[in-house]
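**Student:** Read off the chains here:
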Amino acid sequence: MSEQPGLPEEEVTLQTIKELGQVELPPTSPGAEVQPYHCLTIIGQIEGHMVLPPRNKTTKYEHVIPQLVAIEQNPKIKGLLVVLNTVGGDIEAGLAIAEMLKTMTTPTVSLVLGGGHSIGAPIAVAADYSVISATATMTIHPIRLSGLVIGVPQTYEYLDKMQDRVIRFIVEHSRVSTDVLRDMMFRTGELVRDVGTVLVGEEAVRVGLIDEVGGVGTALSRLSQLVSQRSIEGPVGGMQ
Amino acid sequence: MLYTVVPLEDVLEGIDQEPTPTFELTIGGLLMEVEPQGDFAAKVVRIISSNPQDYLVENCQPGSIVRWT
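In order, the protein sequence lines correspond to chains A and B. Mapping of the first sequence onto numbering that gives the first Met the number 0: residues 0 to 239, in sequence order. Mapping of the second sequence onto numbering that gives the first Met the number 0: residues 0 to 68, in sequence order.
Please keep in mind that the hints were generated in silico from the structure rather than gathered at the bench. Some clues are possibly wrong.
Listed below are the simulated DSS-like cross-link pairs for lysine-lysine, each with C-alpha atoms no more than 30 Å apart in a straight line [said to hold, decoys possible]:
(1) A:K56 / B:K42
(2) A:K59 / B:K42
(3) A:K160 / A:K56
(4) A:K160 / A:K75
(5) A:K56 / A:K101
(6) A:K101 / A:K75
Stretches of chain B that chain A covers, calculated by requiring three or more beta carbons in the stretch to come under 8 Å of a beta carbon on chain A [stated by the list, open to error]:
(7) 1-11
(8) 41-51
Derived CB-CB ranges, DEER-like [what the hints assert, rightly or not]:
(9) B:E12 / A:K75: 28 to 36 Å
(10) B:E12 / A:F185: 38 to 46 Å
(11) A:K56 / B:L30: 24 to 32 Å
By construction, the Cβ of each residue, glycine as well, lies at the ideal position given by its N, Cα and C atoms.
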């Protein structure tokens, strides 16, 4: 590749590196031990089709999804702990991650720390077993377009359809019923300026959204239980 | 469509600002989109690969800085 005139200095530097550079840290350290349990953190906003401004802390689904494939594929990885501290985010990206988690054959345990709000809820319930810390909160609220007056019935129907996708996923993968979930979603008087419900630790377990209150110790021991159970039973198909 | 507890105006604050230009860079056979950070470093924006195991490489997670000499 010959040097192109008129390129910005940085690009020239990068091009030189492409051809001649040595990197301090090799991307793969050969012989590096693969840990049996991997930990995936879902933090901040779940970024979807739109790149969010840099002030947001984001979880990028285009990175998480191949990671999940890699974890599923790698026989040395026995289990996955998903740690959630998210304020929600893109519906499609969130549901994509949730569906991936749900259909993995590698045992998964989710741990909600701090918060697992909005689209974080389907991700939390997608794991084989879910744990919430005593002080963590989960906000269940309707999907809406803020600042927009819904004047056209079609817009409302579209929002309703989006909402149904989320509700259906949560109901199918947890012990909560559609009626209870809808009731929590549209409850008034609980949130100061909004419709919805905030569930703190134990409450999330009581309504059947999450399996147990605990911490990292609980989550990891549940994960090892699942892993040993799975190794006795043999691999099961994740395509139910 | 966003489903979040954070007000939309807070999420989208600064969306009208120009994003930092990025470049593609191959390091150790791994193609990445990076944001330049001075002369000898760049911040990983994303990994471009069809090999899922590449996404588990510790030093190349998005946001990490790759350096060279």
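**Student:** Against the range 38 to 46 Å, how does the distance between the Cβ atoms of E12 (chain B) and F185 (chain A) compare: consistent or not?
**Tutor:** 29 Å, violated
**Student:** Check whether the Cα positions of K59 (chain A) and K42 (chain B) lie no farther apart than 30 Å.
**Tutor:** Holds: K59 (chain A) and K42 (chain B) sit about 15 Å apart, inside 30 Å.
**Student:** Three residues minimum, CB to CB under 8 Å: does the stretch 41-51 of chain B make the cut for coverage by chain A? Let me know.
**Tutor:** That given contact holds, which follows from 5 residues of the stretch 41-51 of chain B lying within Cβ reach (below 8 Å) of chain A.
**Student:** K160 (chain A) and K75 (chain A): Cα distance at most 30 Å?
**Tutor:** 40 Å, violated
**Student:** Need the status of pair K56 (chain A), K101 (chain A): alpha-carbon distance at most 30 Å?
**Tutor:** Holds, because 25 Å separates the two Cα atoms, which is no more than 30 Å.
**Student:** Is it true that E12 (chain B) and K75 (chain A) lie within 28 to 36 Å of each other by Cβ?
**Tutor:** Violated: the Cβ-Cβ distance is about 42 Å, outside 28 to 36 Å.
**Student:** Tell me if the straight-line CA distance from K160 (chain A) to K56 (chain A) falls inside 30 Å.
**Tutor:** 28 Å, holds
**Student:** Verify the proposed pairing of K56 (chain A) with K42 (chain B), using a straight-line Cα cut of 30 Å.
**Tutor:** Holds - the C-alpha atoms of K42 (chain B) and K56 (chain A) are around 15 Å apart, at most 30 Å.
**Student:** Please test the hint of 24 to 32 Å on the beta carbon pair from K56 (chain A) and L30 (chain B).
**Tutor:** 25 Å, holds
**Student:** Examine the stretch 1-11 of chain B: at least three residues should have C-beta closer than 8 Å to a C-beta of chain A.
**Tutor:** Three-residue rule met by the stretch 1-11 of chain B, so holds; n is 10.
**Student:** Under the criterion that the straight-line Cα-Cα distance not exceed 30 Å, is the pair K101 (chain A), K75 (chain A) satisfied?
**Tutor:** 20 Å, holds
Checked against the numbered hints given earlier, the structure breaks hints 4, 9, 10 and satisfies all the rest.
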